[in-house]
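Enquirer: Those protein sequences? They're chains A and B, same order as listed.
If you count by this note's numbering, then the first sequence holds residues 206 to 418, one letter each, in order.
If you count by this note's numbering, then the second sequence holds residues 501 to 723, one letter each, in order.
It should be emphasised that the hints constitute simulated quantities derived from the structure, not laboratory data.
A virtual CB, placed ideally from N, CA and C, is assigned to each residue, including glycine.
Warning: the hint list may mix true and false statements.
As the list claims (entries may be wrong) - Some chain A residues close to chain B (C-beta under 7 Å, calculated; not the full set):
(1) PHE237
(2) SER359
(3) VAL385
(4) GLY388
(5) LEU393
(6) ALA396
(7) ALA399
As the list claims (entries may be wrong) - Listed next, with one range per pair, are the computed distances between beta-carbon atoms:
(8) B:LEU552 - A:LEU240: 17 to 23 Å
(9) A:ARG253 - B:ARG558: 37 to 43 Å
(10) A:THR221 - B:ASP622: 51 to 57 Å
(11) A:TYR381 - B:GLY559: 34 to 40 Å
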Amino acid sequence: MTIDWTWIADHSADLTALSLSHLQAALSAVLFGLLISLPLAVVAHRVRALRGLLLGLSNVLFTIPSIAVFVLLLPVSGLTRTTTVIGLTVYTLVVLLRNTVEGLDSVPVKTKEAATAMGTRPLRVLLTVELPLALPVIMAGVRIATVMAISLVSVATYIGDGGLGQLFTDGFQRNYPTPVITGVALTLLLALIADALLVALQHVLTPWTRKRA
Amino acid sequence: MYELLVDLGGWLTGPEQWSGSDGIGVRLLEHLQYSALATVVAAAIALPIGLLIGHTGRGAFLAINLSSFGRALPTVGLVVLVFLASGLSMTPVYVALVALAVPAIVTNTYAGMAAVDRDVKDAARGQGMRWHQVLFQVELPLALPLIMTGLRLALIQVVATATIAAYVSFGGLGRYVFDGLAQRDLVQVLGGAVLVAVLAVALDLLLAGAQRLLFRHRAPATA
């Protein structure tokens, strides 16, 4: 199995376009996942009765094979980017929801009580005390979800999307390894870069955690 | 939507789906076989690594980054790659499933071992326990709940992903998903997906039950 370097050189424009489209699908999914899981996590954190239900439900969603999720969405959104993003969002939910709930749980009760005693309103306590303190655990979830979404985009190749995943079907059908190897390598590279950027972002967002370092 | 559910119910309960060499029963057993073998192989690789890293405290950085790397590996790409390299066999599927399961088991095993109280380990050593006694009689039992969590997580992911065996022309419940996809038969795809999800949840509940049964004598964890 040898790599055909001239193929890579000839297709550098395509590879760049596929990488960008791949990244766009994964990042949109994480963003939508966050928008959905943040309010749900606050509810799950406050209302004990709903906690098991929400976490259990997201666990069940996680067990449905990703290819099936994409296909099931076809009657709703067709062979479009929307289908890809909705499908991926479903998978980011389980990690994002669990980590956000755990992050909120990890905030000491006394800290919240102190904020309330100082006259801070509940919404402000949530936004300025609880969420910032929960940020390290939430960010850990965002990192896992992002890497997972980047690796999962390629499954959408079966519904005609899939970013770099198109290189896998291409190589499979033509019995030609170069696109497959290139696709795997570029996926790993994207995941690596995205993860490094998120670590940097967390470093900037949580200055208080690095004082002792 | 309602019509689809009725069709699905009919598909799942139709006697012709359950009988024969390509019936649901046979596909279910194939799926179980792929998943079980992949998880056992992954555990045989990942458990010693996780235990060793947790016990010595060395190599944790490498292990955690390596498992993040494993999570980024696209399963479809891996299956196709190994398929092109080794030809038509179950090897590509097993390689991909094991690669998927190893990171989850390593990280959770390591996390379990790292959570064991230092004082407890020191006390065990102070009593004259050898390193293997500390590992197997103190650290391992204390880390077991988290290790089990890792195994359950790995199994769920493997069961959901074993669907891919059908992509390279093998059996398992993925047959319904990929055949349905080729025949534009949504009910069949949906049926396959439901069966995979039910299998994954059932196995997870079974392991959770076994875990509870094994550790019922133990006081609830205070972690």
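Enquirer: All the hints need checking, so say for each whether the structure fits it.
Expert: Hints, one by one, checked against the model:
no., hint, in the structure
1, PHE237, "20 Å, violated"
2, SER359, "4 Å, holds"
3, VAL385, "5 Å, holds"
4, GLY388, "5 Å, holds"
5, LEU393, "5 Å, holds"
6, ALA396, "3 Å, holds"
7, ALA399, "9 Å, violated"
8, B:LEU552 - A:LEU240: 17 to 23 Å, "41 Å, violated"
9, A:ARG253 - B:ARG558: 37 to 43 Å, "41 Å, holds"
10, A:THR221 - B:ASP622: 51 to 57 Å, "55 Å, holds"
11, A:TYR381 - B:GLY559: 34 to 40 Å, "38 Å, holds"
Taken one by one, the earlier hints fail for this structure at numbers 1, 7 and 8, listed in ascending order.
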